[in-house]
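In order, the protein sequences belong to chains W and G. Take the first sequence: its letter number 210 is residue 210 in this note's numbering, and every next letter is one higher. Take the second sequence: its letter number 72 is residue 72 in this note's numbering, and every next letter is one higher.
A couple of the hints might just be wrong.
Since copy identity is lost for identical chains, a pair holds within one copy or between any two.
As the list claims (entries may be wrong) - Here are the computed lysine to any residue pairs in the SDA-like style, where the Cα-Cα straight-line distance is at most 25 angstroms: (1) K166 with R62; (2) K106 with P4; (3) K106 with M345; (4) K419 with I104; (5) K338 with E476; (6) K166 with E19; (7) K106 with G159; (8) K166 with S8.
In case anyone wonders, no lab produced these hints; they're calculated from the structure.
Residue strings, one per chain:
2 protein chains.
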Amino acid sequence: MPAPTLYSQLANHYLHAIEAGTLRCGDRMPSVRTLMERHTVSLSTALQACRHLESRGVLEARPRSGYFVRPRQQAALAPMKEPGAALPDPAQYVGIHQRVSAIIAKSQQSPVAINLAGACGAPELYPTEALQTAMIRALRGNPGLLGRPGPPTPNGDPGFRAAIAKNALWARVTLSADEIIVTHGCIEALNLALRAVTQPGDVVAVESPTFFGLLQILESLGLRALEIPSSPQTGISLEALELAAQSYNDIKAVVVVPNLQNPLGSVMPDRHKEDLVHWCEAQRIPLIEDDTYSALGDADTPLSALKAWDRTGNVIHCASLHKTLAPGMRLGWISAGKWHARVEMLKYAQSRSNESLPQIAVAEFMASGAYERHLRRLRTSLRRQREQVSAAIASYFPAGTRLSQPPGGLALWVEMPGKRSSESLFHAALQAGIRIAPGLMFSNSKRFDHYLRISCGSLYSRELEQGIRKLAGLVEALPHTD
Amino acid sequence: MPAPTLYSQLANHYLHAIEAGTLRCGDRMPSVRTLMERHTVSLSTALQACRHLESRGVLEARPRSGYFVRPRQQAALAPMKEPGAALPDPAQYVGIHQRVSAIIAKSQQSPVAINLAGACGAPELYPTEALQTAMIRALRGNPGLLGRPGPPTPNGDPGFRAAIAKNALWARVTLSADEIIVTHGCIEALNLALRAVTQPGDVVAVESPTFFGLLQILESLGLRALEIPSSPQTGISLEALELAAQSYNDIKAVVVVPNLQNPLGSVMPDRHKEDLVHWCEAQRIPLIEDDTYSALGDADTPLSALKAWDRTGNVIHCASLHKTLAPGMRLGWISAGKWHARVEMLKYAQSRSNESLPQIAVAEFMASGAYERHLRRLRTSLRRQREQVSAAIASYFPAGTRLSQPPGGLALWVEMPGKRSSESLFHAALQAGIRIAPGLMFSNSKRFDHYLRISCGSLYSRELEQGIRKLAGLVEALPHTD
Ligand SMILES: Cc1ncc(COP(=O)(O)O)c(C=O)c1O
Ligand SMILES: Cc1ncc(COP(=O)(O)O)c(C=O)c1O
Chain W
1 MPAPTLYSQL
11 ANHYLHAIEA
21 GTLRCGDRMP
31 SVRTLMERHT
41 VSLSTALQAC
51 RHLESRGVLE
61 ARPRSGYFVR
71 PRQQAALAPM
81 KEPGAALPDP
91 AQYVGIHQRV
101 SAIIAKSQQS
111 PVAINLAGAC
121 GAPELYPTEA
131 LQTAMIRALR
141 GNPGLLGRPG
151 PPTPNGDPGF
161 RAAIAKNALW
171 ARVTLSADEI
181 IVTHGCIEAL
191 NLALRAVTQP
201 GDVVAVESPT
211 FFGLLQILES
221 LGLRALEIPS
231 SPQTGISLEA
241 LELAAQSYND
251 IKAVVVVPNL
261 QNPLGSVMPD
271 RHKEDLVHWC
281 EAQRIPLIED
291 DTYSALGDAD
301 TPLSALKAWD
311 RTGNVIHCAS
321 LHKTLAPGMR
331 LGWISAGKWH
341 ARVEMLKYAQ
351 SRSNESLPQI
361 AVAEFMASGA
371 YERHLRRLRT
381 SLRRQREQVS
391 AAIASYFPAG
401 TRLSQPPGGL
411 ALWVEMPGKR
421 SSESLFHAAL
431 QAGIRIAPGL
441 MFSNSKRFDH
451 YLRISCGSLY
461 SRELEQGIRK
471 LAGLVEALPH
481 TD
Chain G
1 MPAPTLYSQL
11 ANHYLHAIEA
21 GTLRCGDRMP
31 SVRTLMERHT
41 VSLSTALQAC
51 RHLESRGVLE
61 ARPRSGYFVR
71 PRQQAALAPM
81 KEPGAALPDP
91 AQYVGIHQRV
101 SAIIAKSQQS
111 PVAINLAGAC
121 GAPELYPTEA
131 LQTAMIRALR
141 GNPGLLGRPG
151 PPTPNGDPGF
161 RAAIAKNALW
171 ARVTLSADEI
181 IVTHGCIEAL
191 NLALRAVTQP
201 GDVVAVESPT
211 FFGLLQILES
221 LGLRALEIPS
231 SPQTGISLEA
241 LELAAQSYND
251 IKAVVVVPNL
261 QNPLGSVMPD
271 RHKEDLVHWC
281 EAQRIPLIED
291 DTYSALGDAD
301 TPLSALKAWD
311 RTGNVIHCAS
321 LHKTLAPGMR
331 LGWISAGKWH
341 ARVEMLKYAQ
351 SRSNESLPQI
361 AVAEFMASGA
371 YERHLRRLRT
381 SLRRQREQVS
391 AAIASYFPAG
401 TRLSQPPGGL
411 ALWVEMPGKR
421 SSESLFHAAL
431 QAGIRIAPGL
441 MFSNSKRFDH
451 YLRISCGSLY
461 SRELEQGIRK
471 LAGLVEALPH
481 TD
């Protein structure tokens, strides 16, 4: 065995320091100049040592900042499993609210240093100054606005609806402004959609796991949820849905999040989207699309909406700007196809028209092209944050952990090895000042109790990484089967 | 017969001019100086003539402005009739939406010069500049607000809820801020209240006539309305309600507007309020109170809410600032007594928390005492406008017309003589550029087709008076029975 070269000795020295935790993930490596002075080596030896560690994935070079310690990739970190049997659970009344609200209430009572539970980005990721300016301009430009009820057209401000219609083109949806009804967020849109096509007691097919807010809506409307197995990659299983429809010939609606599903992060392939739209049409089952996240895909080619394949008005499209532009505004909308008139009446009877002011401000913002620029920046930030959080999970979580790799969006879906309970983790984490969304919020069953959703919305920082490391320690310590 | 005195000759001259329409209601009488010059009479003769006309109710003196022509009081203008038989119609599913939305759609398509249909005040009656300033201050004082979801406490901004709780004391209601859930207007509050205590198919007792928005909510929720005869003076007939409860032992809620009911303008006497609260409690029927208008009473002693007599949490109190402070903001709230937790869950599932911004701005406005000052001004303006509109109706509408005399609020309820149809009037008026709210919007029956609601929210003007005069002509010309 040849004697180790000077540069590999140097590299090994730092490798040990990193493994011992003296230098930690995210720390800056001493500068090349410092290395030269401290170890009395030449520039070329110092550089070679760094490059060697870089090539082994231990360090990363950041332009103009030097080398940094990278998160350690655990060999065992595996991609998500596909759902097993294609048979859904029996349709059941949702009893999720108690569970979810207990979790939310508990979260809110406890002081948290690290919030990994939120479903939107950090305030810094949104153009709050520009929106504030637009709001002030809308206020000044429309004196008396606060003294007049609602917008001039009852379904929403005409300029805002036109801007939304124009934006829908990105997702390959052609809508006229008249087909759009402005709502208080996507949540109100989903309520209206479900109220339009169901009665209490009806069966509604949803993805499993799915956004807990949807399960709460079903519960509050007295509907029964039929949870359809869904793939972390391709979303709802059409095969499982077809099978389910054979046992339940009374499915009254299908609700899906085709793009960057919450919590899976799945994106339905276009072929699946088309098939689902046609199948629902043929079965005469209204298809409700929750399009909250499609603008948050990593790729520059936007994700297309189910509505793009709708030729008969059977798709009810629901969306909002809550995640993409302004978490502090409740601006959503619905385009209800065949049920437009019914949804219009339900919205009017439920909460009247949304206020004009935010609509006017956002319409102006959107017309300026600032929205597209903002989205490009937001997508880049979220992608980086997702990578950073993934890397931290990869380095700290126990071997056997599985992790989603969504092509966009705000969250990761994590499966803990050894059937560890996310409910136990939730309580332990909260005690440690860390908030997470335990998997059992996302289904009426307990099937996802060994999963958790980790938000990547917060700006990545040293503390965040330490939080994930601490969380990983808690995961490790949980009772488990293997 | 003695020769007419000089002053009575002069007075008669002007009386003729007024009767001929040369001088019209609201016109300024020539000044005393002009009279002296034009008719070469003494100061005392000119003054005597004016005082004579004033004592006969033809002129009115306005401090520092001189004499003005008063509206001609038609002898036949009578107060409202009490409802006849104390028996309600059979409970029925409401089918009002079609009717109401056709009327609203038609109104919105037609250009209108005179709007007598609106249910809020003119923008000039609201402190829009101060609110705008408060909004801008809230935006500037809370950077990043538009980038953060919801208020820190899920049921609404803590400062706003505290301000609302403080205000509730006026209506003799003691609430803590925690008992208040902020909603998108009173409409959303009513929805939540009804969803909390009923199932589709249930029977709900309401006043007859009542606010059409309530009937639309009942319709949209699949509820059956039991319309209880109500007095234009004292509101819902408790006798009729008790009778109705004997035929319908399954009344699942009673909804009333105890103060300044829409459209009647009735105010329940405190004794009735107390009896109703106790009766509902004893019958275990949830009592839903719509308290939209109580701050708009003429008197300085505020009208008390039903909730003031609630000792068991059986009263669900719903209210909003839409009529009293800011028609351009959707700020309402609900205090749901026993059903607090259920309403909290329904609100969360239906539309999430209201945005923070308007709540922060209004909380600041309310804390400053500006709200009370504004309300005093608003009440005075509305009282004057109501008197002016009443006077115009009194002078121009056909003999036999009956008119409500509400002790506050925004509207008058008018019964046309000879069973003239308000539906026909609605169409004829719209053609003439005048919008009214026909009586048949306010009941599921056609019982109120010969009534109309006339808004007094607009600033009184020469054109408005001419509009009422024109409307009176259309009423006169309608087919009628006598
Ligand atoms: C899939 C999905 N739909 C809807 C929402 C809520 O939408 P909004 O805030 O626009 O009401 C969320 C938020 O978490 C979500 O994940
Ligand atoms: C009795 C009554 N309740 C509620 C409302 C509507 O309230 P908001 O605009 O606060 O939703 C009205 C408006 O006309 C009303 O007359």
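How the hints compare with the structure:
{"no.": "1", "hint": "K166 with R62", "verdict": "neither (38 angstroms within a copy, 56 angstroms between copies)"}
{"no.": "2", "hint": "K106 with P4", "verdict": "neither (56 angstroms within a copy, 90 angstroms between copies)"}
{"no.": "3", "hint": "K106 with M345", "verdict": "between (37 angstroms within a copy, 15 angstroms between copies)"}
{"no.": "4", "hint": "K419 with I104", "verdict": "within (23 angstroms within a copy, 58 angstroms between copies)"}
{"no.": "5", "hint": "K338 with E476", "verdict": "neither (52 angstroms within a copy, 44 angstroms between copies)"}
{"no.": "6", "hint": "K166 with E19", "verdict": "neither (53 angstroms within a copy, 60 angstroms between copies)"}
{"no.": "7", "hint": "K106 with G159", "verdict": "between (41 angstroms within a copy, 22 angstroms between copies)"}
{"no.": "8", "hint": "K166 with S8", "verdict": "neither (58 angstroms within a copy, 73 angstroms between copies)"}
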